[in-house]
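J.: Starting from the known structure of chain A, fit chains B and C onto it as the hints suggest.
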Amino acid sequence: MRGHERDVTNTGQPPWKSPVALSILLHGLILGVALAGWTWTDPSEDPPPPSISARLITPNEPEPSPVTEPVDEPDRDEERRQEEERKRKEEAERRKAEEEREREEARRIQQEKERKQEQQRQEEAAKREREQQRKAEEAARQKAAAEAKERERQKAEEEKRRQEEAARKAAEEKRRAEEQRRKEEAERKAREERERQEAERKRKERERRLKEQQLEALAEEAQQEREAEERRKREAAAAKAREAQMLSESQKYQALIRERLSQAWYPPSSATEEMTARLQITLLPTGELASVKLVSTSGNTAFDNSALGAVKSLNRYPIPDDRDTFETYFRQFTIEFNPRRLR
Amino acid sequence: MNVSAHHKLFAMVLSLGLIAGCSSTGETTEDGAYGSDVSAVDQDGGSTVYGGDDDGGVSSSEMSEEQRREAEARAARAEEAAMREITTFYFDFDTAEIKAEAREVLVAHARFLQANPGQNVRIEGHADERGTKEYNLALGERRANAIERFLIVNGASRGQTETISYGEEKPAVMGSSESAWAQNRRVELVFQ
Amino acid sequence: MGNQMTNRSTTGTTPTSMVMTWLLMLTVMIGSSPAAHAELLIRITEGADSAIPVAVVPFAESGAMPSGDKISSIVRDDLTMSGEFKPLPPEKMLSLPSKGDEVYFRDWRLLGQRYVLVGQLTRTGDKVDARYELYDVNREERILGATASSSVNSTRSLAHHISDKVYEAITGVPGAFSTKLAYVTLQRSGGKALYRLQVSDVDGKRARVRLESDEPILSPAWSPDGKRLAYVSFETGKPAIYIHELSSGNRTRIADFRGLNSAPAWSPDGRSLLLTLSKDGNAEVYKMDIQSRSLKRLTNHWSIDTEPTWDHTGEGFFFTSDRSGGPQIYHKSSESAEPRRITFGSRYNARPRPDNDGKYVYYVHQRDKAFHIARTNLQTEEETILTRTESDESPSVSPNGRMLIYATKQGGDSVLTVIAADGGAAYSLPASEGDVREPAWSPIVN
Numbered sequence: 000m001r002g003h004e005r006d007v008t009n010t011g012q013p014p015w016k017s018p019v020a021l022s023i024l025l026h027g028l029i030l031g032v033a034l035a036g037w038t039w040t041d042p043s044e045d046p047p048p049p050s051i052s053a054r055l056i057t058p059n060e061p062e063p064s065p066v067t068e069p070v071d072e073p074d075r076d077e078e079r080r081q082e083e084e085r086k087r088k089e090e091a092e093r094r095k096a097e098e099e100r101e102r103e104e105a106r107r108i109q110q111e112k113e114r115k116q117e118q119q120r121q122e123e124a125a126k127r128e129r130e131q132q133r134k135a136e137e138a139a140r141q142k143a144a145a146e147a148k149e150r151e152r153q154k155a156e157e158e159k160r161r162q163e164e165a166a167r168k169a170a171e172e173k174r175r176a177e178e179q180r181r182k183e184e185a186e187r188k189a190r191e192e193r194e195r196q197e198a199e200r201k202r203k204e205r206e207r208r209l210k211e212q213q214l215e216a217l218a219e220e221a222q223q224e225r226e227a228e229e230r231r232k233r234e235a236a237a238a239k240a241r242e243a244q245m246l247s248e249s250q251k252y253q254a255l256i257r258e259r260l261s262q263a264w265y266p267p268s269s270a271t272e273e274m275t276a277r278l279q280i281t282l283l284p285t286g287e288l289a290s291v292k293l294v295s296t297s298g299n300t301a302f303d304n305s306a307l308g309a310v311k312s313l314n315r316y317p318i319p320d321d322r323d324t325f326e327t328y329f330r331q332f333t334i335e336f337n338p339r340r341l342r
Numbered sequence: 000m001n002v003s004a005h006h007k008l009f010a011m012v013l014s015l016g017l018i019a020g021c022s023s024t025g026e027t028t029e030d031g032a033y034g035s036d037v038s039a040v041d042q043d044g045g046s047t048v049y050g051g052d053d054d055g056g057v058s059s060s061e062m063s064e065e066q067r068r069e070a071e072a073r074a075a076r077a078e079e080a081a082m083r084e085i086t087t088f089y090f091d092f093d094t095a096e097i098k099a100e101a102r103e104v105l106v107a108h109a110r111f112l113q114a115n116p117g118q119n120v121r122i123e124g125h126a127d128e129r130g131t132k133e134y135n136l137a138l139g140e141r142r143a144n145a146i147e148r149f150l151i152v153n154g155a156s157r158g159q160t161e162t163i164s165y166g167e168e169k170p171a172v173m174g175s176s177e178s179a180w181a182q183n184r185r186v187e188l189v190f191q
Numbered sequence: 000m001g002n003q004m005t006n007r008s009t010t011g012t013t014p015t016s017m018v019m020t021w022l023l024m025l026t027v028m029i030g031s032s033p034a035a036h037a038e039l040l041i042r043i044t045e046g047a048d049s050a051i052p053v054a055v056v057p058f059a060e061s062g063a064m065p066s067g068d069k070i071s072s073i074v075r076d077d078l079t080m081s082g083e084f085k086p087l088p089p090e091k092m093l094s095l096p097s098k099g100d101e102v103y104f105r106d107w108r109l110l111g112q113r114y115v116l117v118g119q120l121t122r123t124g125d126k127v128d129a130r131y132e133l134y135d136v137n138r139e140e141r142i143l144g145a146t147a148s149s150s151v152n153s154t155r156s157l158a159h160h161i162s163d164k165v166y167e168a169i170t171g172v173p174g175a176f177s178t179k180l181a182y183v184t185l186q187r188s189g190g191k192a193l194y195r196l197q198v199s200d201v202d203g204k205r206a207r208v209r210l211e212s213d214e215p216i217l218s219p220a221w222s223p224d225g226k227r228l229a230y231v232s233f234e235t236g237k238p239a240i241y242i243h244e245l246s247s248g249n250r251t252r253i254a255d256f257r258g259l260n261s262a263p264a265w266s267p268d269g270r271s272l273l274l275t276l277s278k279d280g281n282a283e284v285y286k287m288d289i290q291s292r293s294l295k296r297l298t299n300h301w302s303i304d305t306e307p308t309w310d311h312t313g314e315g316f317f318f319t320s321d322r323s324g325g326p327q328i329y330h331k332s333s334e335s336a337e338p339r340r341i342t343f344g345s346r347y348n349a350r351p352r353p354d355n356d357g358k359y360v361y362y363v364h365q366r367d368k369a370f371h372i373a374r375t376n377l378q379t380e381e382e383t384i385l386t387r388t389e390s391d392e393s394p395s396v397s398p399n400g401r402m403l404i405y406a407t408k409q410g411g412d413s414v415l416t417v418i419a420a421d422g423g424a425a426y427s428l429p430a431s432e433g434d435v436r437e438p439a440w441s442p443i444v445n
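Residue numbers (numbering that gives the first Met the number 0), protein chains in the order written: chain A, 0 to 342; chain B, 0 to 191; chain C, 0 to 445.
For reference, chain A alone in the conformation it holds in the complex (with noise of 0.2 angstroms):
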């Protein structure tokens, strides 16, 4: 197609006003535009998945137990954490004891307040025992109230407390979490430094070893495919061998046959070499005859009774005793009767 805009500059007109560029360049523009119009009417494609070069790594559970790793040096930032730590948990101690001290007073003083009320009460009862009761009772229930509201305020304090103390223990847990987080991460970072250069050494080990692998893979593959090819031709030439075979056999059979045919087989005196009768035989697998058919005439039907009467005579057909050949070959078939070398 070069070929033929090269012609077309040839003939004396400048290039781009011939009339073939000018169709060539129409045609490009045409073109252009479809195929920029086309690229419009594109989906908008999804961006590319950004590239990412990451190892999959499983997050390890942070072991409740203390960490058994043995520390090689001694950390004494680590031993005055430890100090604080139990600074705090002294403190922390105390707290709780002096709370519970506080609260047992507490209770005590609630209970020695209700046995005196009790009392009053039960002084008052006698009297103003439903009013009192009643009064004891608003009492009661005011103080059971006013109970319920310091027990409230003391819960909420103590909640708070324990808030606080929840807090705190959060806090300390954090810390000591943190702390060992870091600990751990450290400890998990030289680790995983280790581990990584473990890795990669094992990754490049066994990267070499895959490769020698994939090598001996190949190799191997290679070795069976050769050996699979060769067991194919085996067992292709052994299945030729066994065709051959067959067909020797069945060749060696139908010459048994033939022999025994001629023999048995009595041409008329009128038979001329142009005279042919064809019998299709059907044989058991024993060799002998099943049946026999004439499909088709000599003409002549004393010829015809004399190839019958041979097929009829062989008590038994000599048959290979393979019996795919003879399945093949010998279960049917057909015989002509054709004399030749009449003198």
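Everything hinted at is true.
If the Cβ cut is set under 8 angstroms, some of the chain A residues that face chain C in the computed set are:
#  : residue
1  : Gln253
2  : Ile256
3  : Leu260
4  : Trp264
5  : Ala301
6  : Leu307
7  : Gly308
8  : Lys311
9  : Ile334
10 : Phe336
11 : Arg339
Quick look at which bits of chain B chain C covers, simulated, 3 or more residues with Cβ under 8 angstroms:
#  : region
12 : 130–136
13 : 156–170
Here are the simulated DSS-like cross-link-like pairs (lysine-lysine), alpha carbons at most 30 angstroms apart as the crow flies:
#  : chain 1 : residue 1 : chain 2 : residue 2
14 : C       : Lys237    : B       : Lys169
15 : C       : Lys204    : C       : Lys408
16 : C       : Lys164    : C       : Lys226
17 : C       : Lys85     : A       : Lys292
18 : C       : Lys164    : A       : Lys292
19 : B       : Lys98     : C       : Lys368
20 : C       : Lys408    : B       : Lys169
21 : C       : Lys226    : C       : Lys358
22 : B       : Lys98     : C       : Lys237
23 : A       : Lys203    : A       : Lys188
24 : A       : Lys159    : A       : Lys173
25 : C       : Lys85     : A       : Lys311
26 : C       : Lys98     : A       : Lys311
27 : A       : Lys311    : C       : Lys91
28 : B       : Lys169    : C       : Lys179
29 : B       : Lys169    : C       : Lys204
30 : A       : Lys188    : A       : Lys201
31 : B       : Lys169    : C       : Lys286
32 : A       : Lys95     : A       : Lys142
33 : C       : Lys286    : C       : Lys237
34 : C       : Lys191    : B       : Lys169
35 : C       : Lys164    : A       : Lys311
36 : B       : Lys169    : C       : Lys278
37 : A       : Lys311    : A       : Lys292
38 : C       : Lys204    : C       : Lys226
39 : A       : Lys292    : C       : Lys98
40 : C       : Lys368    : B       : Lys169
If you're looking for bench data, these hints aren't it; they were derived computationally from the structure.
Quick caveat, the model's predicted, so the values are computed rather than measured.
C-beta atoms are modelled at their ideal positions from N, C-alpha and C, and glycine is treated no differently.
T.: Only chains B and C this time, still in chain A's reference frame:
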């Protein structure tokens, strides 16, 4: 050739007797000469007398020409007569060709017939037993005809000859040997 | 991109490429057409060289049968003579059925027999009735069942009739066992010879002398109606041809020319004879009208031309001629055609006898030092020597073309021998005293 040697000797003896009877001298016959002619007499030389009988006087040295010729003629006749004893002629297989040695004998027969116009001869042709009868019948006839032709060419007249063929039906010798066959392949002259 | 528009399409639009595509499709179709199921095909091109085993079971008899050979025995001999059958000796038979329902095919299969003939003879007064059946042992089918009868004096004819029918049922060719033979016998005692012209059954039996003579008798020939014989007789001192009516014994001398009168042969219509005469100088073939005695010369050559015989068309004839140096067989397709040489294989071939179908001509043939009977296939021109005997003469073919009789030497005497027409086992006819020669096979006459 055996036959002719025998006859030659006979002829010589006869001619000897002839010379003895004449009791003339000066005639000799050549030894070993065979032919239809009696050889020339050597006139020179002395008189050699063969035989001992004086039969009518020994004349002086020469025989007369006429006597000589007569002697020759008688010798020839005798020889021919001897030959005419032969009346069977043999052939090779499947042929009617007359053999060389038969010719002169046949000539003798022919001359004889010619000299004796009242004499008839039947010529009988035969064949050996091999091959087919009808063909042998024709072959025998062909042989007989060949002999007949020869006789006629050599002086006999047609009216004197009659041919017949017996094919293989009348063998001279029974048997199935080469010798028997050879003797059956023949033509016989039967003078009547 | 711009090339898209200027590309020429390269598939299927130009004429040559279309043709190519078609051819390609065609070859693909042919190449991939499913092969027909390749069923095994075995070809049998030769049969057994030997004779067919056949069992002729002695017929059951009711009533007094004439003494002499049994009918089944005659049938057995006939079938043996043909060279095509091998009858089983009765002593080997396991059973002696006389009708179909008594035949156990297995018995006969065991004995290797292909056919079984069974029959019954019944005598009533002067008549003998025969009822016979022929079975194919392997197909277990009856292929012939018939009756026939004859006078008690002619049971041999009855037997030969049954042989004919059996032969035809198996081979498809009519049997020739009811035909006759004419031949000449010769007895020598002292210096004397006695010739007899005789006619007998095909097995040599029931021979009757028709002519007795001190002189040779040659070349008996049957008329086509089987009622007359022509022959050559030397009774007058020279060969002459006679026609002899068999029933009456009346004879006519029809050729007595100067020279040869020989080799008579009947025309198919029975009205003329071919002869060999030498009255015109040498042996030639002539045709004579029997009625008018008019002659027509058919050969003209200085050679021997003899032994003429009509061919199967009745238009042409074969004869022996030595025009090429030795006797050979020639054929003229009509009385005026040029003779065509038939035999080439040896220097001596004589006495042609063609069969009735025009397939073969039989003759005497010399090979080395021996004389055999040979035949030539007139289609293929192939020559085959048929006999192993070495001094053979006078072949004569049976009218069904299946048997050949000829004369040969056996211990110094000439005997007659029958062989199958393609050679094979020889069957010698019982030798009577002396020589037997010149056999001529009669035609089939109903």
